[in-house]
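Chain order of the listed sequences is D and R.
With the working numbering applied, the first sequence corresponds to residues 170 to 534, in that order.
With the working numbering applied, the second sequence corresponds to residues 170 to 534, in that order.
A couple of the hints might just be wrong.
Copies of the same chain are indistinguishable here, so a pair counts whether it falls within one copy or spans any two.
Dumping the calculated SDA-like pairs for lysine to any residue here, alpha-carbon to alpha-carbon at most 20 Å [said to hold, decoys possible]:
(1) 353 / 217
(2) 318 / 358
(3) 247 / 318
(4) 486 / 526
(5) 486 / 529
(6) 236 / 476
(7) 353 / 392
(8) 486 / 505
(9) 486 / 310
(10) 247 / 526
(11) 526 / 473
No wet-lab data here; the hints were simulated from the structure.
There are 2 protein chains.
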Amino acid sequence: MTIQNNYCVIMAGGIGSRFWPLSKNRKPKQFLDILGTGKSFIRSTFERILPVVPVENILVVTSAQYKEQVLEHLPELKPGQVLTEPVRRNTAPCIAYAAYRIAAVNPNANMIVAPSDHLITGEAEFQSIVREGLAFVEGNNRLMTIGIKPSRPETGYGYIQVDTAPLPETAGTAICKVKTFTEKPDLEMAKVFVESGEFFWNSGIFIWSVGGILHALESHLPEMAARFAAGHSDYGTASEQPFIDAIYPSCENISIDYGVMEKSPDVYVRCGDFGWSDIGTWGSLYQHAEQNEERNVIGSENVLTYDTRGTIVRIPKGKVAVVEGLEDYLVVDEDNALLICRRESEQNIRNYVEDVKYRFGEEFV
Amino acid sequence: MTIQNNYCVIMAGGIGSRFWPLSKNRKPKQFLDILGTGKSFIRSTFERILPVVPVENILVVTSAQYKEQVLEHLPELKPGQVLTEPVRRNTAPCIAYAAYRIAAVNPNANMIVAPSDHLITGEAEFQSIVREGLAFVEGNNRLMTIGIKPSRPETGYGYIQVDTAPLPETAGTAICKVKTFTEKPDLEMAKVFVESGEFFWNSGIFIWSVGGILHALESHLPEMAARFAAGHSDYGTASEQPFIDAIYPSCENISIDYGVMEKSPDVYVRCGDFGWSDIGTWGSLYQHAEQNEERNVIGSENVLTYDTRGTIVRIPKGKVAVVEGLEDYLVVDEDNALLICRRESEQNIRNYVEDVKYRFGEEFV
Numbered sequence: 170m171t172i173q174n175n176y177c178v179i180m181a182g183g184i185g186s187r188f189w190p191l192s193k194n195r196k197p198k199q200f201l202d203i204l205g206t207g208k209s210f211i212r213s214t215f216e217r218i219l220p221v222v223p224v225e226n227i228l229v230v231t232s233a234q235y236k237e238q239v240l241e242h243l244p245e246l247k248p249g250q251v252l253t254e255p256v257r258r259n260t261a262p263c264i265a266y267a268a269y270r271i272a273a274v275n276p277n278a279n280m281i282v283a284p285s286d287h288l289i290t291g292e293a294e295f296q297s298i299v300r301e302g303l304a305f306v307e308g309n310n311r312l313m314t315i316g317i318k319p320s321r322p323e324t325g326y327g328y329i330q331v332d333t334a335p336l337p338e339t340a341g342t343a344i345c346k347v348k349t350f351t352e353k354p355d356l357e358m359a360k361v362f363v364e365s366g367e368f369f370w371n372s373g374i375f376i377w378s379v380g381g382i383l384h385a386l387e388s389h390l391p392e393m394a395a396r397f398a399a400g401h402s403d404y405g406t407a408s409e410q411p412f413i414d415a416i417y418p419s420c421e422n423i424s425i426d427y428g429v430m431e432k433s434p435d436v437y438v439r440c441g442d443f444g445w446s447d448i449g450t451w452g453s454l455y456q457h458a459e460q461n462e463e464r465n466v467i468g469s470e471n472v473l474t475y476d477t478r479g480t481i482v483r484i485p486k487g488k489v490a491v492v493e494g495l496e497d498y499l500v501v502d503e504d505n506a507l508l509i510c511r512r513e514s515e516q517n518i519r520n521y522v523e524d525v526k527y528r529f530g531e532e533f534v
Numbered sequence: 170m171t172i173q174n175n176y177c178v179i180m181a182g183g184i185g186s187r188f189w190p191l192s193k194n195r196k197p198k199q200f201l202d203i204l205g206t207g208k209s210f211i212r213s214t215f216e217r218i219l220p221v222v223p224v225e226n227i228l229v230v231t232s233a234q235y236k237e238q239v240l241e242h243l244p245e246l247k248p249g250q251v252l253t254e255p256v257r258r259n260t261a262p263c264i265a266y267a268a269y270r271i272a273a274v275n276p277n278a279n280m281i282v283a284p285s286d287h288l289i290t291g292e293a294e295f296q297s298i299v300r301e302g303l304a305f306v307e308g309n310n311r312l313m314t315i316g317i318k319p320s321r322p323e324t325g326y327g328y329i330q331v332d333t334a335p336l337p338e339t340a341g342t343a344i345c346k347v348k349t350f351t352e353k354p355d356l357e358m359a360k361v362f363v364e365s366g367e368f369f370w371n372s373g374i375f376i377w378s379v380g381g382i383l384h385a386l387e388s389h390l391p392e393m394a395a396r397f398a399a400g401h402s403d404y405g406t407a408s409e410q411p412f413i414d415a416i417y418p419s420c421e422n423i424s425i426d427y428g429v430m431e432k433s434p435d436v437y438v439r440c441g442d443f444g445w446s447d448i449g450t451w452g453s454l455y456q457h458a459e460q461n462e463e464r465n466v467i468g469s470e471n472v473l474t475y476d477t478r479g480t481i482v483r484i485p486k487g488k489v490a491v492v493e494g495l496e497d498y499l500v501v502d503e504d505n506a507l508l509i510c511r512r513e514s515e516q517n518i519r520n521y522v523e524d525v526k527y528r529f530g531e532e533f534v
């Protein structure tokens with residue numbers, strides 16, 4: 170196994186409206202440093218994979234409007250390494266595009282596919298698992314996903330149930346065969362999942378050989394596979410973008426989990442425990458950020474709180490805030506928008522953003 | 170009585186920190202249009218007095234740092250009509266300065282003294298009362314103040330108790346002799362005041378002849394009077410400001426009410442009912458502003474509220490706000506500061522401003 174065959178596809182097309190107004194259409198979550206680490210999510214994702222994948226083998230798939238931002242955050246990439254979707258689609262077309270593109274230049278490639286906006290604190294453990302996974306899928310059609318050992322009965326994640334019986338093909342590894350993928354459970358179900366020890370969180374990180382995923386796409390999404398296969402001679406040339414712009418809009422809007430993983434017989438999960446969170450909500454930010462003595466998470470200088478607890482406050486640099494009498498609220502002042510809401514109402518933020526867009530226009534969302 | 174003898178002194182030296190962050194040291198309340206009338210308080214004060222006093226007889230007393238702002242809001246004034254205090258003092262030195270300045274040019278002057286940051290909705294009634302008052306004080310030493318018929322047992326105002334027995338000198342007018350000036354009462358006392366019918370709110374608007382107030386200052390604040398009298402030949406010349414800068418800091422920091430009005434035997438009150446409020450607090454703004462169906466006062470475009478009642482929201486133009494789950498709060502986003510606090514905590518805003526200044530610096534207050 171040679172490192173030159175290792176490829177990574179970073180998926181960076183999301184808009185992250187749940188973090189409005191910190192995230193906006195023109196600056197979605199992957200480009201933000203929400204946790205104050207000094208690096209954006211996409212930059213951290215890129216740096217985490219660099220020891221495993223040569224920089225020239227890293228591709229980012231995003232929307233055309235974010236291409237410049239991707240290159241600003243990842244100046245090591247050449248413009249041709251940033252693939253752009255002409256319209257927003259779920260993960261299956263995104264992954265199919267990248268896979269056929271890679272197959273056209275290196276049919277022996279092994280691929281990691283990773284979201285661009287997740288938190289991972291245990292980088293060494295992550296890299297070790299990725300290397301193990303790449304070896305496990307090389308030269309075969311196995312599809313692997315990384316599962317996360319659940320630390321709580323989270324209802325915001327999908328779960329993967331594994332077959333705990335040892336299998337010949339995974340002998341000597343921590344890799345299990347997948348029994349089922351599940352949708353987000355309710356709390357009762359999530360508790361049962363966690364107690365059983367058979368369920369892992371679905372991290373959305375995949376590892377496979379390019380041959381393996383092409384085989385799976387041809388088997389389970391044959392129409393989509395045929396569309397991308399037709400571009401074999403276009404990939405890497407000036408006609409690639411016109412080709413993609415022509416076929417992408419008619420691709421089915423389906424996730425790789427639903428379209429491929431749930432239907433394939435040869436799917437495995439490697440359980441990881443490397444400090445992962447999708448930081449998909451303000452609630453998960455609150456969990457991961459430093460809380461002060463009043464349980465407040467103050468993401469800015471120049472904030473004074475009085476009789477305020479359990480509250481997240483973020484204001485722009487150079488601004489001052491006085492916050493009095495709030496308990497378990499979210500206060501985000503960013504650019505041309507101010508949001509004040511109860512933390513327990515965070516699932517409504519998408520609706521607020523829709524209302525703002527409808528009432529006041531695109532420039533605020 | 171000739172209109173050329175009518176003078177007005179507008180007191181505009183306050184900083185209005187209770188309206189922070191809408192008011193700031195560099196832009197205090199008198200220069201704001203808090204109620205959204207399209208005019209600042211000082212502009213409204215000026216226009217209200219114009220039908221009664223020739224424009225060249227209107228003086229504004231303010232701090233040196235606000236002189237330019239006064240002239241921007243009142244471009245009809247010549248720079249020499251804006252008197253500047255080198256240090257902040259209470260109303261007695263301010264009024265003494267203006268009175269000696271006026272006496273130096275017109276010993277027959279009659280004066281109205283008015284705060285610059287109050288609301289008056291009944292302008293015609295106000296002007297009629299001022300004219301009546303000017304006639305009442307002309308050529309004598311009577312000191313007159315305008316009292317406001319109380320509409321509620323307000324604890325934020327001083328009260329004036331009157332002698333309801335008709336007096337020969339006020340015959341045929343609605344003017345009464347003053348019995349006592351009182352400090353701000355507690356609620357029980359305020360209720361007794363209002364029910365008695367003998368008490369009026371002290372509006373801080375005074376009317377007297379220049380001879381009358383000079384006589385009273387010489388009698389009750391003789392040291393202060395002597396200081397300002399010594400500048401007789403300086404007023405209206407290039408040496409006026411150096412003279413004032415030299416004597417002002419040593420003037421007693423005392424109000425005209427306490428220093429003169431409470432001690433004079435010849436004090437009268439004219440009761441007015443012309444829609445007056447000092448708009449001294451966010452609470453009084455809330456009372457006077459238009460409330461929507463959820464009892465919110467939304468002072469800006471582009472504000473969406475959800476499950477929010479009794480709340481004041483003000484944000485800058487071009488910004489959007491989403492506010493959820495607040496009841497009886499104050500949300501003010503202005504320039505480089507954001508304030509969120511319960512309306513019932515508004516009396517603490519001065520303390521918050523002090524804390525902000527101490528912690529983060531002058532540029533925020």
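Evaluation of the provided hints:
1. Neither within a single protomer nor between protomers do residue 353 and residue 217 lie at most 20 Å apart by alpha-carbon distance, with minima of 28 Å and 66 Å respectively.
2. Taking the shortest Cα distances, residue 318 and residue 358 sit within 20 Å of each other inside one copy (16 Å), while across copies they are farther apart (68 Å).
3. In this assembly of identical chains, residue 247 and residue 318 lie within 20 Å of each other by CA distance neither inside one copy nor across copies; the values are 36 Å within and 77 Å between.
4. In this homomeric assembly, residue 486 and residue 526 come within 20 Å of each other (Cα to Cα) only across copies, at 17 Å, whereas the closest approach inside a single copy is 26 Å.
5. Taking CA atoms no more than 20 Å apart as the test, residue 486 paired with residue 529 passes between copies only; the shortest distance there is 12 Å, against 25 Å inside one copy.
6. In this homomeric assembly, residue 236 and residue 476 never come within 20 Å of each other (Cα to Cα): the closest approach is 44 Å inside a single copy and 39 Å across copies.
7. With identical chains, the CA atoms of residue 353 and residue 392 are never at most 20 Å apart, being 28 Å at best within one copy and 82 Å at best between copies.
8. Proximity of residue 486 and residue 505 under a CA criterion of 20 Å is satisfied in both settings, with 14 Å inside one chain copy and 9 Å between copies.
9. Proximity of residue 486 to residue 310 under the C-alpha cut-off of 20 Å is found in neither arrangement, the shortest distances being 51 Å within a copy and 58 Å between copies.
10. Taking the closest pair of Cα atoms, residue 247 and residue 526 never come within 20 Å of each other, the shortest separation being 34 Å inside a single copy and 49 Å across copies.
11. In the homo-oligomer, the alpha carbons of residue 526 and residue 473 lie at most 20 Å apart only across protomers (11 Å), although the nearest pairing inside one protomer, at 31 Å, exceeds that limit.
The structure does not agree with the numbered hints 1, 3, 6, 7, 9, 10 stated previously, though it agrees with the rest.
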